[in-house]
Amino acid sequence: MRAILLIYKRDIRALLLSPVFFVLSGLCAAIWSGAFLRTFFAFVEKSMLSQQISGRPSGNLHMEVILSHLTWVNILLMFIVPVLTMKLLSEEKRQGTYDLLLTVPISSTQIAVGKYLAGFVGALGLIFISFLYPLGLSLVVDVQMGPLLSAYLGLVFIGSVYVGIGIFCSSLARSAVISAVLAIVMNLSIFLTSGLSNLVKGDGLSSYLKQLELVTHYWQFLKGVASSSSIIFFISVIVFFIFSTQRVIEFTRWR
Amino acid sequence: MLNVKVMLSKKKENFMIEVKQLSKSYSGHAAIDDMSFKIKKGKIVGFLGPNGAGKTTTMKIITGFMTPTSGQALIKGLDVFECPLEIKKVIGYLPERPPVYLDMTVRSYITFVAGLRGVPKAELSEKVDAAIKKTNLQDVQERRIEYLSKGYQQRVGIAQAIVSDPEILILDEPTVGLDPNQVREIRELIKSLKTSHTVILSTHILSEVKAICDEVIIINKGKIVTQGSIDEITKAAKAAGTLSVQVVRPSESVTGLLKSVEGVTGVALHGNKYEISLHDMSEDIIERVSETLVSSKCGLVGLKKNEISLEDIFIQLTNENN
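Quick note, the sequences are listed as chains B and W, same order. Following my numbering from start to finish, the first sequence increments by one per residue and tops out at 290. Following my numbering from start to finish, the second sequence increments by one per residue and tops out at 933.
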């Protein structure tokens, strides 16, 4: 446990003290601000228009404003999280500290978990920044907290998967840039391959495959349904990537 | 299971490091080939060999960083491969390139490594202080490592290797990149560790081996060419030394006479200079050679003793297989 914490602490310090994190957070905040205000004002306009016509406001704040915001957050996380995690293991190899980690009395599992935690907390920081928008909104209008929190739980889970993918890619490559690109491609493919299960003939098989798509479970959270099966599915995907990372670290000894 | 192994290891003689028929090949190319040696507690052993001889690979296997293709490495009787965590606890390792995080300060880095090596929290600052003091890093301990010179970074690398006070130190070219004063300091430091630690260091600087090592293992192309104390190796060499003799009138008959002298192993003539190889550098042999030269009336005008150096042996041994 001590070793995990030591590695976590070192990496989170390195991450938070590097200008990269701040520049990226700033970039995210700028994009989210622009997008959030636009969708919110559009929503208000539409709502007022409908009040003039039918006499009562229409529209669903959660579905139209918050989910649109979450889409933006998700898209940026897909690109930004790999940049946060790209150096976690590849940089160790490049600067020769990998030799140190593999010759001190700690296990490769401890290395993988410590690194994962650092990446996770970094991603959590970004998600927290994005959470300030709906939080601010709740000060001026009535926001339904239940669906909001459920949607954010989903976002934390999908973000954790990105961190897992990022760490795994970082363990594969010696170059940080290559690991980031690889991770971005894998993150995108989660969404690009969603719906492939619809192409399979036979309802039974198709619905099984649908359960294997991360997007299906992510959508459950966005709709306000935080089911235990989705939570378990997300956790197993994350554990799978941490385990794969541990295997890759272990494999370096065999070359 | 572990207890049985520990008991077994106690029964054996007190070898700290034991390497048995170790081989490692990368995609068909053998980096080290059937290597065996034993190292006793408290010795400083020098790994000597040209670049690419397999020194680093051997060290990486002993530290558990790498697995061998075949063979076995034992640390205190424990197999490196089977009990990696146990053996890593007793080894301090300095890789070829100092394994430093450039974005950390010297002190926080050494504290970090000490923690990873399992130094108890209560002793942490005391041990870190000691390591910083031994490597003379007090003045730069709050500086970020990226702003330090190569020599200082190397010393930080040595500090991290010794911080947990490990029983075994494995140092891959510890004095590379240091200035002559620092080289001397580091050699003194390594020598001072001798009694309580077992040290393996690799180098291709021969004077370094002479200055600090008790034993030498000379490696070439992945194989051990020779091993033993420096005296033993020097004695075992084909010729212990040569005499350079300058004469006024060299001739075939003088060469023949010299060859027949007892203890002379070879005679070569270059112009009016003889290069005479001797079995050993004892005074009897040299006296016999000089008597022969004087009585042959060839006009002896110069005689110089050249004792064979580790350099010569090294060159002899590492070129033999070419």
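Certain hints may be false.
[Said to hold, decoys possible] Using 25 Å as the maximum straight-line C-alpha spacing, the simulated DSS-like pairs for lysine-lysine come out as follows:
no. : chain 1 : residue 1 : chain 2 : residue 2
1   : B       : Lys44     : W       : Lys631
2   : W       : Lys652    : B       : Lys44
3   : B       : Lys128    : W       : Lys761
4   : W       : Lys834    : B       : Lys128
[Said to hold, decoys possible] Just so you have them, the derived chain B footprint on chain W, three or more residues with Cβ under 8 Å:
no. : region
5   : 676 to 685
6   : 719 to 732
To be clear, the hints were calculated from the coordinates, so they are not data collected in a lab. Since the structure is predicted, the reported quantities are computational estimates derived from the model, not experimental observations. Think of the CB as a built atom: it goes at the ideal place given N, C-alpha and C, for glycine as much as any other residue.
Hint numbers the structure violates, sorted upward? Checked against the structure, the hints that fail are numbers 1, 2, 4, while the rest are satisfied.
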